[in-house]
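Protein chains in written order, with the numbering used here: chain A, 1 to 167; chain B, 168 to 364; chain C, 365 to 745.
What the hints contain is simulated information worked out from the structure, not anything from laboratory work. Model, not experiment: these values are computed from the prediction. Possibly wrong hints are sitting among the right ones.
Computed cross-link-like contacts, DMTMM-like style, restricted to lysine to aspartate or glutamate with a CA-CA straight-line distance of at most 20 angstroms [to be verified]:
hint: 1; chain 1: A; residue 1: K97; chain 2: C; residue 2: E572
hint: 2; chain 1: C; residue 1: K412; chain 2: B; residue 2: E312
hint: 3; chain 1: C; residue 1: K412; chain 2: A; residue 2: E143
hint: 4; chain 1: B; residue 1: K318; chain 2: A; residue 2: D33
hint: 5; chain 1: A; residue 1: K79; chain 2: A; residue 2: D33
hint: 6; chain 1: A; residue 1: K71; chain 2: C; residue 2: D696
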Amino acid sequence: MNSAEELKYLLPASVISVGVQTNKPLAVIKKEDILQVAEKVKEMGFDNLSVITGVDREDRIEVIYNFFSYKKKQNLVLKAILDRTSPSIDSVVSFWKVADWLERETYDLVGIKFNGHPNLKRILLPEGWMGHPLRKDYDMSIEQFVTVGEDGEDIVSTDGSNLLRGE
Amino acid sequence: MDPVTIDTTKIRTTKRKPETALEKLEDTGMINTILAAKDREGFILLTTIDQFINWGRLSSLWPVTSGLACCAIEMMAVSMAHHDIARFGMEVFRASPRQADLMFVAGTVTKRMAPRVKQLYEMMAEPKWVISVGSCANTGGPYHESYCVLKGVDNIIPVDVYIPGCPPRPEAWLYGIIQLRQKIKNEGYGVKWGLNK
Amino acid sequence: METETFLLNVGPVHPATHGVLRFKLRMDGETIRDCQIVVGYLHRGTEKLGEMKTYLQFIPYTDRLDYIAAMPNNYAYVRAVEELAGIEVPQRAEYIRVLVMELNRIINHLVMMGSLLLDLGGSTMIMYGFRERENALQLYESLCGARMTFNYIRPGGVREDLPDGFIPKLNEFIKDMEKRIVDYEELVNGNEIFLMRVKNIGVISAEEAINCGMTGPSMRGSGVDYDIRKEEPYSIYPDLDFKACMRREGDSLARYLVRLDEIRESMHILKQIVDAMPAGKNVNQKYGMAPNTGAPTAVTSYFPRIFTPPAGEVYCRIEAPKGELGFYVASDGTTKPYRVKIRSPSFCNLVALPKMVEGLKIADLIAVFGTIDIVLGDVDR
Numbered sequence: 001m002n003s004a005e006e007l008k009y010l011l012p013a014s015v016i017s018v019g020v021q022t023n024k025p026l027a028v029i030k031k032e033d034i035l036q037v038a039e040k041v042k043e044m045g046f047d048n049l050s051v052i053t054g055v056d057r058e059d060r061i062e063v064i065y066n067f068f069s070y071k072k073k074q075n076l077v078l079k080a081i082l083d084r085t086s087p088s089i090d091s092v093v094s095f096w097k098v099a100d101w102l103e104r105e106t107y108d109l110v111g112i113k114f115n116g117h118p119n120l121k122r123i124l125l126p127e128g129w130m131g132h133p134l135r136k137d138y139d140m141s142i143e144q145f146v147t148v149g150e151d152g153e154d155i156v157s158t159d160g161s162n163l164l165r166g167e
Numbered sequence: 168m169d170p171v172t173i174d175t176t177k178i179r180t181t182k183r184k185p186e187t188a189l190e191k192l193e194d195t196g197m198i199n200t201i202l203a204a205k206d207r208e209g210f211i212l213l214t215t216i217d218q219f220i221n222w223g224r225l226s227s228l229w230p231v232t233s234g235l236a237c238c239a240i241e242m243m244a245v246s247m248a249h250h251d252i253a254r255f256g257m258e259v260f261r262a263s264p265r266q267a268d269l270m271f272v273a274g275t276v277t278k279r280m281a282p283r284v285k286q287l288y289e290m291m292a293e294p295k296w297v298i299s300v301g302s303c304a305n306t307g308g309p310y311h312e313s314y315c316v317l318k319g320v321d322n323i324i325p326v327d328v329y330i331p332g333c334p335p336r337p338e339a340w341l342y343g344i345i346q347l348r349q350k351i352k353n354e355g356y357g358v359k360w361g362l363n364k
Numbered sequence: 365m366e367t368e369t370f371l372l373n374v375g376p377v378h379p380a381t382h383g384v385l386r387f388k389l390r391m392d393g394e395t396i397r398d399c400q401i402v403v404g405y406l407h408r409g410t411e412k413l414g415e416m417k418t419y420l421q422f423i424p425y426t427d428r429l430d431y432i433a434a435m436p437n438n439y440a441y442v443r444a445v446e447e448l449a450g451i452e453v454p455q456r457a458e459y460i461r462v463l464v465m466e467l468n469r470i471i472n473h474l475v476m477m478g479s480l481l482l483d484l485g486g487s488t489m490i491m492y493g494f495r496e497r498e499n500a501l502q503l504y505e506s507l508c509g510a511r512m513t514f515n516y517i518r519p520g521g522v523r524e525d526l527p528d529g530f531i532p533k534l535n536e537f538i539k540d541m542e543k544r545i546v547d548y549e550e551l552v553n554g555n556e557i558f559l560m561r562v563k564n565i566g567v568i569s570a571e572e573a574i575n576c577g578m579t580g581p582s583m584r585g586s587g588v589d590y591d592i593r594k595e596e597p598y599s600i601y602p603d604l605d606f607k608a609c610m611r612r613e614g615d616s617l618a619r620y621l622v623r624l625d626e627i628r629e630s631m632h633i634l635k636q637i638v639d640a641m642p643a644g645k646n647v648n649q650k651y652g653m654a655p656n657t658g659a660p661t662a663v664t665s666y667f668p669r670i671f672t673p674p675a676g677e678v679y680c681r682i683e684a685p686k687g688e689l690g691f692y693v694a695s696d697g698t699t700k701p702y703r704v705k706i707r708s709p710s711f712c713n714l715v716a717l718p719k720m721v722e723g724l725k726i727a728d729l730i731a732v733f734g735t736i737d738i739v740l741g742d743v744d745r
């Protein structure tokens with residue numbers, strides 16, 4: 001049996017359904033049990049966390065984890081469904097250190113909060129940026145500008161008059 | 168007496184090829200020289216203030232290293248052995264803007280980087296020039312519709328020459344440098360200092 | 365004597381940071397106690413643009429991610445779209461794709477070696493590296509018209525077939541490169557100053573490297589024998605004979621030598637491809653574009669104007685020169701992707717850097733950083 005079916009066999013209460021993501025086994029899990037599932041997945045030998053993706057569907061937000069095992073040469077995909085008004089899930093940074101920056105990026109661009117993350121701040125956009133750009137309801141018509149304050153940190157505002165040259 | 172007819176088709180004016188350094192300088196058309204009298208050493212140069220100052224400024228512009236994105240790799244290719252930028256006196260890329268007089272803005276200027284680019288420009292000492300290289304620095308380029316890209320670096324600093332391309336070929340780069348040199352050559356300091364009154 | 369630590373900023377504009385990257389270092393004299401990396405100065409919003417452009421229009425944006433070696437980026441995205449839509453690719457097109465990707469691997473490693481040596485103070489290697497790179501870029505220019513941002517690999521095959529005279533010139537390039545690589549080894553590998561600056565500096569163990577998400581040649585320098593081209597092969601790699609280069613020490617010298625070995629392996633692969641190149645079509649005829657015969661109205665395109673792959677999602681990973689490059693593409697049945705997510709190798713390779721430089725001197729930061737080989741277009745997207 002493939003790795004998603006094995007996970008369902010080991011943790012039947014946490015896995016909602018088993019499917020396929022084009023050619024990789026996919027397991028949809030409950031978001032409250034993510035830490036237990038992560039521990040089991042690490043025990044099964046998946047030591048490489050490739051990517052964490054956040055997708056904004058119209059009525060929900062999905063977070064997708066892609067794993068790979070160097071020893072067993074197998075793939076596994078985990079998907080968790082979060083609600084759109086306040087999406088949050090526990091952080092897996094204690095199992096895979098690369099989740100540190102991957103989760104920060106997902107928080108920055110899609111707006112998912114990861115509980116238990118040591119340093120959940122914006123990483124690609126400056127600190128005071130308003131909104132999460134990869135949401136479908138992000139307003140592209142508001143232009144935000146960045147200036148540098150006294151201590152070298154960024155200040156974001158919608159008024160660019162002290163940066164732009166007047167014509 | 169018979170009039171002397173001169174067959175003008177057989178007269179050829181010969182222009183000597185310039186040999187010494189001074190003759191080559193004359194040949195550029197910017198400076199005329201008078202050899203001083205035999206019992207005095209030294210030379211007298213006849214030129215205009217504009218031409219002399221501009222010749223000094225354009226011959227060896229030193230750029231500051233401000234490559235931001237993909238166009239920076241073409242900047243490295245231009246400064247390497249195949250397309251040699253040292254021919255124009257520019258192989259010395261200064262890391263400190265205080266010691267440079269030319270800024271190549273090469274690459275996309277994002278909103279987060281814009282105040283730093285402006286600060287870099289303000290730290291350079293006069294006289295200074297800016298060349299905007301690549302379509303991202305000219306107008307925002309392929310990233311024009313993005314939420315975090317400045318639509319052209321001329322929104323924050325004044326630009327002298329724009330070089331289009333994505334990325335521009337090294338030959339286009341060198342053409343842009345030659346256009347800048349033409350522009351500097353035609354600058355008029357006499358008018359600026361009020362010497363025409 | 366009372367001392368205290370101070371904050372040193374290695375700012376976004378710096379000659380040795382390979383772009384706009386910022387370090388905030390907490391220093392105790394010359395020793396680094398803590399290193400914080402600030403990225404995002406080149407964030408251009410590529411993923412959002414992926415939702416605003418069609419599938420074919422997004423391919424030039426993938427070039428600008430890792431702009432030193434742009435072909436593998438094209439290929440990873442195009443392969444994800446092909447898996448989603450079920451498009452078959454002819455054999456000759458696959459051979460051409462692997463040829464251009466391996467040539468890109470060679471020039472990427474040349475730039476890395478050159479800039480590492482330049483940061484350490486020696487300017488000869490970068491001159492040699494860029495001299496070889498010019499020859500390869502002229503090959504690419506005869507092939508697709510561009511030197512750096514190729515936009516050459518399309519769904520269904522490649523844009524144009526190889527021009528006449530390409531293979532003889534490629535053979536000349538390989539012969540030339542074999543002589544020059546001996547030069548590079550003699551110049552650099554035994555140099556005492558270089559060895560003192562990179563040997564036993566920035567050591568990382570294999571488990572730490574895997575846990576911190578490091579992939580590619582940097583991970584293989586720590587003893588992990590894993591190469592996606594061998595373990596999960598794609599395209600024609602099952603038919604090719606090569607080995608994954610690996611060293612065990614885990615320091616900066618090991619990462620440098622792995623890349624030198626990879627240049628040799630890539631040349632070996634190129635020779636096999638040139639010998640075994642099949643004849644045939646360079647593109648799946650349903651999706652290709654007819655070659656431009658020069659007359660203004662003679663260009664016809666078979667690529668469907670409305671290209672809608674079925675709804676679904678796919679994640680596809682390949683071995684780019686810098687590490688593991690992955691594209692996640694989700695489609696909802698319309699002409700534009702619903703979501704494009706890029707897993708870039710340079711972003712994940714940087715997670716391990718603060719651990720590697722703790723306790724080293726500030727000059728060693730530049731040596732370690734140069735061997736991880738990042739490019740900022742990939743980190744910030």
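Evaluated hints:
1. A:K97 - C:E572: Status holds; Cα separation ~9 angstroms.
2. C:K412 - B:E312: Judged against 20 angstroms, a Cα distance of about 10 angstroms means the pair holds.
3. C:K412 - A:E143: holds (15 angstroms)
4. B:K318 - A:D33: violated (46 angstroms)
5. A:K79 - A:D33: Roughly 12 angstroms between the alpha carbons, so the hint for K79 (chain A) and D33 (chain A) holds.
6. A:K71 - C:D696: It is violated: about 35 angstroms lies between the C-alpha atoms, which goes past 20 angstroms.
Comparing the model with each earlier hint shows violations of hints 4, 6; every other hint is respected.
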